[in-house]
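Chains as they are written, first to last, in the working numbering: chain A, 1 to 171; chain B, 1 to 196.
If you're looking for bench data, these hints aren't it; they were derived computationally from the structure. A portion of the hints provided could be inaccurate.
Here are some chain B residues the structure puts well away from chain A; computed CB gaps all over 10 Å [to be verified]: (1) 168; (2) 191; (3) 194.
Chain A stretches covered by chain B per the calculated footprint, using a threshold of three residues with CB under 8 Å from any CB of chain B [unchecked claim]: (4) 128 to 138; (5) 157 to 166.
These stretches of chain A come out as covered by chain B in the derived footprint (C-beta under 8 Å, 3 or more residues) [what the hints assert, rightly or not]: (6) 77 to 90; (7) 141 to 152.
Every residue gets a Cβ at the ideal spot worked out from N, C-alpha and C, and that includes glycine.
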Amino acid sequence: MGAAAAVALASCGGGDPPPRSGPGPGSGAGLLNSILAFEHAVVAAYDAIAELLQGDGLHYAREIQARERNHVQMLQELLRGLGATPAPGRTHAEYARSFPVLDSPDAALHFAEDVEERLVRNYLEALAKLPDTDLRRPLAEIVAEEGADLAVIHVLRDEPAAPTAFVTGTL
Amino acid sequence: MTKRAGNDPARPEPTLAADPVPSTADRIPPTRRGFLRAAAPALLAVGAAPVGAATAWAQDASDVEMLERLLALEHRLESAYEAALRRDAIEPRLGATLRDQEREHVDGLEKALSGYGRRAPRATVPPPELGDALADRDSFARFALDLEAETVHAYVDATAALRHPGLRQPLGAIMANEAQHEVALRESLGESLLSV
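Isolated chain A (complex conformation) (with noise of 0.2 Å):
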């Protein structure tokens, strides 16, 4: 599965354009909406994935679930204090059309492990593009939680939390 499962997941909210919104370019609304759209994605993945865990699987699939709605309102607010329109999601069924089949505890962490390193991928690459410290440090709080939820479904997957010194989201 591995990376194209992300990528599938890519396809069905983190790839959709942005939409027509009021700043211009170089404003980071666009770079923001983006990443909305994914985390949008990420939301309805967890439920699919959830579909298939019990117990410490499913609480923290579930509570990650719950902190990935925390940042699609980060972002949303965000997005309004740009003057922005936020990326809508799309229905569960849409999304769920576009997702790997997952037939099995092994397979719905593996799937909830490459969006979590995605997750991080995307938001480092936002530090480094957005222009204005207001926007920088929310992502950057963020950063920290994506990377705690990797380490958590490294540890349900019974391998180290921390296996690499640098977490890049290199899928």
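Fit chain B to the given chain A structure using the hints.
For chain B alone, kept in the frame of chain A given last:
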């Protein structure tokens, strides 16, 4: 306007011979060697982007000052894990992993500082609480969690405020790893993996 150390626009940008400048995260590999090869030009380049507002220390600090603070925090973590390993105050495999990763962060930050023509500051004195924390594994894990949380906070400040855009991505990659250390320490304590 006062010229800040490390942000002299007249200073030539140092580069690593044979290391092409990476333009996107697509080129950042997950290994230490790969990371340093990819990030070194960014870590070594000197930037002069406008500064915005962040928290107090980051708001007024130059990039160099922020890097020096992060380096001091990394040295403190490395020393703490090293002491814990010597005193059996951490599970050996976990302790070695965390210590070694802090060393990799130190290497990266020292490279960044050398790019500004600055020598890395000497290691700081261990905090007095370390002695008590080494009494047992749970005490040390809680102590280390506090250090890691403080370090993550410092990286958030720095990553937001750094003038040099090429530094934000590699420092963000370190920050995410420090957040993973917190998860590893909570796991060792048998506590909930995510902070509330």
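A quick look at each hint next to the structure:
Not every CB of chain A is more than 10 Å from the CB of residue 168(B) (nearest about 4 Å), against its label as outside the interface. For residue 191(B), the requirement that its beta carbon stay farther than 10 Å from each beta carbon of chain A is met, with the minimum near 12 Å. For residue 194(B), the requirement that its beta carbon stay farther than 10 Å from each beta carbon of chain A is not met, with the minimum near 6 Å. For the segment 128 to 138 of chain A, the stated coverage by chain B holds: 7 residues have a C-beta nearer than 8 Å to a C-beta of that chain, and at least 3 were required.
Under the rule that three or more residues need a Cβ within less than 8 Å of chain B, the assignment of the segment 157 to 166 of chain A holds, with 6 such residues. Judged by the Cβ-Cβ criterion of 8 Å, the segment 77 to 90 of chain A is not covered by chain B as claimed, because only 0 of its residues qualify and three are needed. Against chain B, the segment 141 to 152 of chain A contributes 11 residues with a C-beta closer than 8 Å to a partner C-beta. That satisfies the three-residue criterion, and the hint holds.
Checked against the numbered hints above, the structure violates hints 1, 3, 6; every other hint is satisfied.
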